[in-house]
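Student: Work the whole structure out from these sequences, hints included.
Each chain, written out:
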Amino acid sequence: MNKEFEPKILGILCNWCSYMASDLAGTSRSQYPPNIRVVRVMCSGRIEPQLILWAFQQGADGVLVGGCNPGDCHYQEGNYKALRRVTLLKTMLPQFGIEPERLRLEWICASCAEEMRKTVEEFTNTLCRLGPLKVQIPQIIPVTGKAVVEYVQT
Amino acid sequence: MLLRDEFSKNGDIRIGVYVCDCGTNIAGKVRVPEVVEYAGTLPHVVVAKEYKYMCSDPGQDMIRREIKEQKLNRLLVAACSPHVHEETFRNVAAQAGLNPFLFQMVNIRELVSWVTKDPDKATAKAKDMIRAAANRVLFHEELEPLKYHIKRNVVIVGGGIAGIHAALLLADSGEHVYLVERESSIGGHMAMFDKTFPTLDCAACILTPKMTMVKSHPNITIMSYSEVVEVNGFVGDFKVKVRKKPRYVDEENCVGCFECIDACVFKDARYPNEFDFGLGKRKPIYMPFPQAVPPVPVIDADTCIEFKTGKCPKECLKACGERAGIDFAQKEEIVELEVGSIIVATGFDSFDPKKMPQYGYGIYSNVYTSLEAERLFNASGPTAGELVLRDGSKPKSVGIIHCVGSRDENHNRWCSRVCCMYSMKLAHLVKERTNADVFNFYIDIRAAGKGYEEFYNRTMEEGVQYIRGKVAEVTDNAQTKDEEGKLVIRVEDTLLGMIRRIPVDMVILSVGLEPQHDALEVTKMFNISCSGGGWFMERHPKLAPVSTMSGGVFLAGACQAPKDIPDTVAQAGAAASEALALSHKGVIEVEPNTAFIDETLCSGCQVCVGLCPYSAISYDQEKKISILNQALCQGCGVCAGACPSGAAQQHLFNDSQLMAEIEGALAGVL
Ligand SMILES: Cc1cc2nc3c(=O)[nH]c(=O)nc-3n(C[C@H](O)[C@H](O)[C@H](O)COP(=O)(O)OP(=O)(O)OC[C@H]3O[C@@H](n4cnc5c(N)ncnc54)[C@H](O)[C@@H]3O)c2cc1C
Ligand code: FES
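One line per chain: the protein sequences are L and B, in this order. Heads up, the final residue of the first sequence is numbered 154 in this note's numbering, and it's a clean run with no missing numbers. Heads up, the final residue of the second sequence is numbered 670 in this note's numbering, and it's a clean run with no missing numbers.
Warning: the hint list may mix true and false statements.
[Claimed, not checked] Calculated pairs, PhoX-like style, for lysine-lysine (alpha carbon to alpha carbon, straight line, at most 25 Å):
1) B:Lys281 with B:Lys318
2) B:Lys308 with L:Lys134
3) B:Lys318 with B:Lys308
4) B:Lys281 with L:Lys118
5) L:Lys118 with B:Lys318
Simulated from the structure, these hints should not be mistaken for laboratory data. Just so you know, these numbers come straight off a predicted model, no measurement behind them.
Tutor: In C-alpha cells, the structure reads:
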C-alpha cells in the first residue's frame with residue numbers, strides 16, 4: 001500500500017438519504033478520511049454514466065455513488081435505475097483500463113452516519129491499495145446534448 | 001485547463017464568496033482567512049469575505065449590501081449544510097434583488113470541519129468545495145419557484161390521542177379533517193388505560209369527551225375500520241386512497257342502541273375480545289369497549305354463524321328492524337380523498353415478551369403484560385377494575401419488571417421512556433385496589449417530567465418496594481416453603497450486592513414500545529424515512545420535530561419515538577399548526593428543480609416516458625418528441641440521467657452544472 005498516496009474520491013450523493021447521512025456524520029462528529037469531495041444530486045437516478053466517466057477523466061481515483069436503501073428512494077425507484085447503470089458501467093470500466101472497484105455504489109440511509117463513515121474509510125483504503133488511476137482517459141465522454149457540447153467547447 | 005475562466009455565458013459574471021466561521025465550528029478546523037484569500041483568486045470572484053456568523057443579522061446585512069454595491073450576480077456562501085441554511089441565504093439574495101437560484105451553498109461544516117481531523121486537510125477540502133461551487137454557479141440561471149395551490153383538507157392517519165387532538169384543533173380552525181383509523185374505534189392505547197400518570201386522571205374522563213367531540217364535529221369525518229392504501233401527489237395536492245373494511249353495520253343507519261348485540265344468538269360472549277387481549281369475551285357482533293367511537297357495532301365474519309354457515313336466524317337483523325343498520329352484504333370500499341396535507345399519527349406497538357421466555361409470559365398464567373394489567377384495572381374492562389389472578393382471587397404480592405425488551409442489546413436498545421412511569425402507576429394501582437406487596441424491579445428510574453419524580457416518591461411512601469437490578473428469570477421452581485405455589489423472581493439486587501429470590505403471586509412485565517409492525521410499509525406509502533429502530537424520522541431532530549422530508553407530511557405522537565401523553569398531545573398540536581400554517585398560506589412555493597426537455601434535441605426515443613415515476617412525460621405523436629408536464633414533475637432527474645441525446649435536463653442539476661462542479665471539486669491536489 002502506498003502510504004504517501006492520497007486518493008481523490010468523488011462522492012455523488014442523493015439529497016434524501018446518503019447526503020443526509022453525511023450531514024449526520026458531521027453532526028455526530030464522526031471522523032473519516034478527508035479524501036472525498038461531495039456533489040449533491042436530488043436522486044441517485046439522476047446520475048448518468050457520463051458524469052462518472054467525467055469524474056475519472058477529471059482526476060478522480062474513485063467514484064462513490066450514494067443512494068437510498070432499496071424501496072426507500074424519495075422518488076420511488078431512482079436508486080434501481082442507478083443500480084442498473086452502475087452495474088453496466090462497471091462491466092465496461094476495464095475496457096478503459098479502470099478497475100471496477102474504483103466505482104462504488106452504496107445504499108446509505110438518512111440515519112446511517114456510521115455506515116457513511118465506514119464507507120469512506122474502506123473506499124479510501126481500497127483506493128490506496130489500487131494506487132493512483134494512471135490511465136489517461138481520452139475523449140471517452142460521448143458528447144451529446146446542447147449543454148454538454150457547449151460546456152466541452154468552452 | 002482547470003477552470004473555465006473565459007466562460008461567460010451571461011455576460012460579465014461577478015461572484016461573491018462568503019465564508020462563515022460558525023464561531024469555532026468551522027474556524028476551529030478550517031483556516032478561514034486562507035480559504036477566503038484563495039477564493040478571491042478564483043476567476044470571476046470579485047469579493048470574498050469571512051464573518052463569524054454569516055447567518056446572523058450583521059452577516060446577512062453585509063451580503064445584501066455587497067450584492068448591491070459590488071453588483072454581484074452570483075452568490076456563494078460556504079457555511080453549514082444546505083439543509084440548514086440554504087433557505088436563509090436564498091432569501092438574502094432575493095431581498096437584495098438577486099435571483100435566489102443564482103446562489104449556491106457550500107457545506108464546509110457537516111462535510112468538512114466536523115469530520116476532518118487534520119486542519120491542513122480540512123482547509124484544502126474547503127478550498128476544493130468552494131472552487132467546485134464557483135465553477136458551478138457560472139452555469140446557473142435565473143429561475144422562478146413553482147407555485148401551487150394548497151387544498152385545505154387534511155387527512156390524519158391514526159386515531160389515537162395524537163390523531164384525535166390534531167383533528168380537533170384543525171377542525172376547530174375550519175379545516176376539514178378525515179381521521180383514518182384502522183380499528184373499529186378511535187382512541188388508541190389511551191382508551192385502554194384506567195388512570196394516567198403522574199396526575200392519575202381517569203383516562204376515560206379526559207379521553208371520552210374528546211372522542212365524542214370528534215364524532216360530532218361537523219368538520220371531521222371519521223373513517224374507522226379503514227386503512228390508507230395508496231398516496232399520490234405532493235404537498236398541497238395529495239390523493240389518498242382509503243380502504244374501508246366492511247363492518248357489516250351501516251354507520252349512517254345505526255343509532256347506537258346495541259339491541260343487535262343483546263339479540264345475538266350467542267347469549268353469552270364467548271370469543272376473546274382483542275381490545276382486552278383476550279382477558280374479556282365478546283360476541284360475534286360487538287363493541288370493543290363501551291365508549292367506542294363511532295358507537296357502531298362490528299360483526300366479526302370469522303365467528304358470525306351467518307357468515308360461516310348462512311343458517312343463522314339473524315336475530316340481530318330482526319332486532320334492528322326498520323332501522324336497517326345490519327347489512328350482511330356490505331362490501332369493502334375504496335374512497336379517494338383529496339387533501340393538502342397529511343398527519344401520520346400511527347402510534348406504537350408493544351414488545352412481545354414471548355421473545356424473552358425467561359420471564360415466563362405464555363408459560364405461567366399469572367405473568368401479565370402491562371397492557372393486560374391496564375385492562376384489568378380499567379373500570380369498564382373485563383374485570384370491572386378488579387385486579388385478580390386467573391383463578392379469580394386477589395394477589396397478595398405483585399412483582400413489576402421494568403424495561404422488558406428495552407435497553408437490551410438482544411432486543412431494543414432504546415429506552416421506551418414511559419415504562420418507569422407507567423410501572424409506578426401500576427404499582428400505585430395495585431396498592432390501591434388490593435393492598436398487596438409490590439416490588440418494582442428496575443435498571444434505572446427515569447422520572448424526568450413535570451411531577452414525575454414527585455410521583456415516584458409518592459409511590460415509595462405508599463410502600464412500593466424498588467429493587468435495582470435486571471431480573472434474570474421468573475420461575476415456579478420453589479426452593480423453600482414460602483416459594484411454593486408462587487412465581488419466584490430471581491434478580492441480582494445491585495444495591496445490596498446479592499442475588500435475591502422474591503416469591504410473588506402475579507408478575508407484570510413492563511413491555512417496551514416498538515414501532516408499529518407495519519411501520520416500514522407506512523413509510524413507503526407516505527414517502528417518509530425511518531430513524532434507527534424504525535421510528536419515523538423527523539426533518540430535523542430539534543428544529544423541525546414534526547415535519548418530515550416529504551413536504552406536507554407531518555408526524556405526531558408515538559410513531560416518531562416513544563413518548564407519554566403530554567408530549568404526544570404537544571406534538572399533535574405542533575403538527576396541526578404546521579398543517580394549518582401551510583393551508584393558510586394558500587399557495588406553496590416549490591423548488592424549481594423540475595426537468596425540461598429541449599425540443600430541438602429530443603429524438604423521440606421515449607426512454608424517459610417509461611422511466612418517469614410520476615407519469616409526467618408523455619409522447620407527442622404529432623411532433624414526435626417527448627413532452628414534460630411541469631406540474632407533475634417532482635424533480636428527481638431520472639429522465640435527465642437517462643436521455644441519450646441530452647435533451648432531458650434538470651433545472652439546478654443540469655449536465656453543465658454538474659460537470660462544472662465535478663471538475664472544480666477534483667482540480668485540487670490532495
Ligand atoms: C402500558 C402502558 C401504559 C401507559 N400509561 C401512560 C400514562 O399513564 N400516562 C401517559 O402519559 N402515557 C402513558 N403511556 C403512553 C401512551 O400510551 C402514549 O403516549 C400514547 O398512547 C401515544 O398516543 P398515539 O396517538 O401517538 O399512539 P397510539 O395510542 O398507539 O394510537 C395510534 C392509533 O393509530 C392507529 N393506527 C396505527 N397504524 C395505523 C394505520 N396504518 N392506519 C390507520 N390507523 C393506524 C392505531 O390503531 C391507534 O388507534 C402508556 C403506555 C403503555 C404501553
Ligand atoms: S432519492 Fe435517494 S436514491 Fe432516489
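Student: Work down the list of hints and note, for each, if the structure agrees.
Tutor: Cross-check of the supplied hints:
A C-alpha spacing of about 24 Å is found between B:Lys281 and B:Lys318, which places the hinted pair at or below 25 Å, so the restraint holds. Our distance criterion of 25 Å between C-alpha atoms is broken by B:Lys308 and L:Lys134, whose separation comes to about 75 Å. This hinted pair checks out: B:Lys318 and B:Lys308 have alpha carbons roughly 19 Å apart, not beyond 25 Å. Our distance criterion of 25 Å between C-alpha atoms is broken by B:Lys281 and L:Lys118, whose separation comes to about 54 Å.
Restraint check: the Cα-Cα separation between L:Lys118 and B:Lys318 comes to about 69 Å, which exceeds 25 Å; the hinted pair is violated.
The earlier numbered hints that this structure contradicts are 2, 4, 5.
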